[in-house]
Structure formats: structure tokens, C-alpha cells
Amino acid sequence: MNYDVQSRLPAEISRQLSDAEREELAARLAVQDRLAAHLRTLPHRNEEPSLAVSLERER
Amino acid sequence: MNALLTLSLMELSAEIRARRVSPLEATEACLHRIGERDGVLNSFITVTADSALAEARQRTEELAAGRWRGPLHGVPLALKDLFLTAGVRTTSGSAVLRDWVPDRDATVVRRLRDAGAILLGKLNMHEHAFGATSENPHFGPVRNAHDPERIAGGSSGGSATAVADGLCFGSLGSDTGGSIRCPASLCGVVGLKPTYGRISRAGVLPLSWSLDHVGPIARTVADAAAMLEAVSGYDSADATAAKERVPPFTSRLDAGVRGLRLALPREHFWRPIQPQVRDAALAAIAGLEQAGAVVEEISLPLLEYAPAAQALIICSEAATYHREQLAANYEQYGADVRMRLLQGLCISARDYLDAQRVRAVVRREFLEALRDYDGFLTPTVPIPAPKMGQQVVEVEGLTAPPLFFLLRNTSPFNLTGLPAATVPCGLADGLPVGLQIAGRPWDEATVLQIAYAVEQWRSARITPA
Chain B
212 MNYDVQSRLP AEISRQLSDA EREELAARLA VQDRLAAHLR TLPHRNEEPS LAVSLERER
Chain F
4 MNALLTLSLM ELSAEIRARR VSPLEATEAC LHRIGERDGV LNSFITVTAD SALAEARQRT
64 EELAAGRWRG PLHGVPLALK DLFLTAGVRT TSGSAVLRDW VPDRDATVVR RLRDAGAILL
124 GKLNMHEHAF GATSENPHFG PVRNAHDPER IAGGSSGGSA TAVADGLCFG SLGSDTGGSI
184 RCPASLCGVV GLKPTYGRIS RAGVLPLSWS LDHVGPIART VADAAAMLEA VSGYDSADAT
244 AAKERVPPFT SRLDAGVRGL RLALPREHFW RPIQPQVRDA ALAAIAGLEQ AGAVVEEISL
304 PLLEYAPAAQ ALIICSEAAT YHREQLAANY EQYGADVRMR LLQGLCISAR DYLDAQRVRA
364 VVRREFLEAL RDYDGFLTPT VPIPAPKMGQ QVVEVEGLTA PPLFFLLRNT SPFNLTGLPA
424 ATVPCGLADG LPVGLQIAGR PWDEATVLQI AYAVEQWRSA RITPA
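Line by line, the protein sequences give chains B and F. So the first sequence is numbered by the working numbering: it starts at 212 and just counts up by one. So the second sequence is numbered by the working numbering: it starts at 4 and just counts up by one.
Calculated directly from the structure, the hints in this document are not laboratory data. Ideal placement from N, C-alpha and C gives every residue a C-beta, glycine not left out. The hints are all genuine.
Derived DEER-like restraints, expressed as beta-carbon distance ranges:
#	chain 1	residue 1	chain 2	residue 2	range
1	B	R226	F	E299	52 to 62 angstroms
2	B	R251	F	R261	38 to 48 angstroms
3	F	G73	B	S218	52 to 62 angstroms
4	B	A248	F	G400	17 to 27 angstroms
5	B	A231	F	E397	24 to 34 angstroms
6	B	Y214	F	P251	48 to 58 angstroms
7	F	G143	B	R245	28 to 38 angstroms
8	F	A338	B	T252	28 to 38 angstroms
Put together the whole structure using the sequences plus the hints.
Structural data, given as C-alpha cells:
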């Protein structure tokens, strides 16, 4: 995983981060990327429509 | 406290209709109470005393002329400060919008005005609705009416504590992960998040468009039902507002729960939980069984994926909405909200779409369970209100920041778009506990019917000392 915060943020925002924020964000991204990886362990997710489609169908 | 302020919205409404109390008297009583108590609670950002008194005089004159608009006629209410109000500043609890004055009302504000409600002002909240403590760095922290050393919950913290302490007879909040139900539960009042699409969000500042809902906070279930009735329905200005029929939510509240089949999901909601919260929720559930409901444990194994999907969706959508403002006004965002937005900016489109797909799978599992059951029962928040500034909470051996617990039980119903209410059901450490009831899409009527049965079982309102 890449926790180079700089490369994942828009430049106009990245340059405003303090060092402390950069460090905290990197730690949080490690957790967030684990959450995203966890979602990819759910089987059959590719068979599903988006929620918006589901709601529209029910109306 | 003025005895008038101990009435529920519906009780006040009956007094007004019978012309035993005037809208002007009720409004003056609320404004006096705000002056007396809001120095402590900090629930209002803006009090619109002059326009409220003018509206109250008009509603009083209408009654004298024989015109009664309905249950909200002359009833003083207040709005979370993210509903656009023409000519009145709308801050979203932020420094960026500190002086922003919209030129139009949100659809729901217009509907409340048309229903005859008096609007007392704009309520304090977690900045941009992106948090659950309402410890606002720009307008000061909202305090819990039951113990001012504790948080009111959030993000609609002002909306809940003002209702609990008699500063208004009801309020509107918004709920993206539990922002109506969490503070309502911690402050001992009723909160309802309806089905996604039931209430227009036109003119409501967004946090996360696929998760945001608008709903009422009130002292009783009947009060919440009356407010829901007034603001629900199709709105061409909101692409997500449904053309679903709006039933009379107040008419079958007392139908009872005999024969209703209610599910207790065994995963997620009951652990970790503070033991007194668990006991209070279980006692209320036993009360529903005594009243004739059939309660059964069920399994929802895909719930395990709900928190991750919710977190990725809310952060992505919020960051997309705020990106330009954050770049232009970086230092004006509070530290906690800014960090969550930065996280959101780092989520890839692929991960966001995966979260939306997982969301559909979780929703399907919930809907399948609701083929056999009329609703779900869970504790609303697994802990009582934490202290202001508290960094971590320890429950059943798990130590985590308050946010981990505050929205844990409510957010699955934002992810699935199902209607969910909280109703006070007891006390833990002397602080209010709520029971959450969720139901089938568009079936707020049954959710409210079950909540009403809990209210009847408990009989006494949970009021601040």
C-alpha cells in the first residue's frame, strides 16, 4: 500500500497540510485501505446493482 | 419551568385549537426558556425572536378568524442550522458559512411554515454534520440537558437537547449515519429517520447525498408522527424524493403490537454494549412481548461489512462536496472534520463503487429478513452520553473513541435506506437510553406504532432533572 499522502491528494490541498496532519492522515489511510480490502472479500458483490437502481425499482 | 413547556407538541396543539393557549403565549414561553437555559446548553446558533413573535401574532389572528391550519398551527419549532432559511443565516455549524444568508427556504421549511409552525431559530450542530459529538469549535459545544458536562450527541445535538429541555416543541434534524437518532437517544427524546426519499432534501446542505435523510426530533412519538406528516411527500426540486403516497402517520399509533413479528439481529448491535444500556433495551423488548408482539432472534451475517461500506461512502461523498471549499478555506475547517475530508479525498473511485455494491448486498439481506418480520429492534446507542472532551470509551474490554460507539447501531439503516426511530426506554448511569425500531421501506407507520407501544409501556417521559 502507498501511504505517500502527497500523491493521493489534490495539489492545492496537499500543500496546506502540516507535518502532524500528514502523519495522522497516513495512519488513518492505513486503516481505511484495510476497510476497502475487507469489502473486496465479500463474495457475489459484482452481481449487485447500485442502491440507486434498487430504490428506483421499488417506486 | 413554565407548565406550558411541559406539554407535548400534540397537547399544546389541542390547547391552541381550543383557544385556551395562544400561539403568542407559547412562543413567548419558549423564548423566555431559551433566554434562561441556552447560556448553558448552547443549543441555538441564531434565535429569530422578532420574526417568531410576528409569526405567532399572525397565527393567533388566524385562529381568532376561525382558520386552523392543522396540528402544527401556532406550535414553536426550531431547525438544525443546515436547512436553508430565506433571510436568516444558515451556517451548517461552520466558520466558512458563518455569515451566509440564503434567499430561499428549504422545501421542508416552507412546508412547516405552510402548516402554521412558528420557527424560533437555527440550532447548533456538529460542523457540517460530519461528526457525532456536536462539540463545535466555531459556535461552542452543545451540552446535554440531562447533564451539561456530557455531550448531546450529534450531529443534530442542538435539535435534541433543545427539545429535551423545553426550548421548543419539536425540531428538524438530518441523519447520515445516525445524526437524528444518536442525539435523540442520548437526550431522552424521540427521533425518526424516515425511508430514503420520503422527505425532500432540497435546500438542505448535504453531507453525503446517498446517505442523507431529514427527519423530526420530538418529545413523544405522536409529536414526531405529526411533524413527519407535515413535511413528507414528493418534491420536484429533489431528484431523490419519491412519489410514494404519504399515509396519515398519526392515525394508527395506538393499534398495538399484538401479532407483530419483530426481529432481534444477534450480530453487531449487542456487543460491545454497556450492560445497563443492554438491560434497559431488553426490558423494553420484554414489554413489547407482554403486549403481544412475537420477538425472535435472527442472523444478519453481512452486517459485518456495513461499517466499512458506510465509512467509505460517507467520506467519499463528503469530500467530493467540500473539495473546493476545503482548498480555499483550509484553516477555517475544524481539525476533526478536516481530517475526515482529507481521508475521503484519498478514496479511489474503485473503492467507492465497491462500497456501493456491498451496500446493495447488505440491503438485500435486510429486505429478505423483512419478508418474515415487521421490524428490527436494537439499542439505539450502545453507551450513555460520554463526557465532553472524552477521548476514549471502554466497554466490555474494548477501548475506542466515542464516535466508534455513537453511530455504530444507527448507520446500518442509512446504508440500507430503511426507516428507523429511537424512543426512550430507560436509564443507564442515570442517563437516557433509547430503543431503535427499524422497518420496511415506506412503512414508517408500523415503526411509529411499535415506538408508541414502547412509550406506553414506559408510561413516564424521561425528562431532565
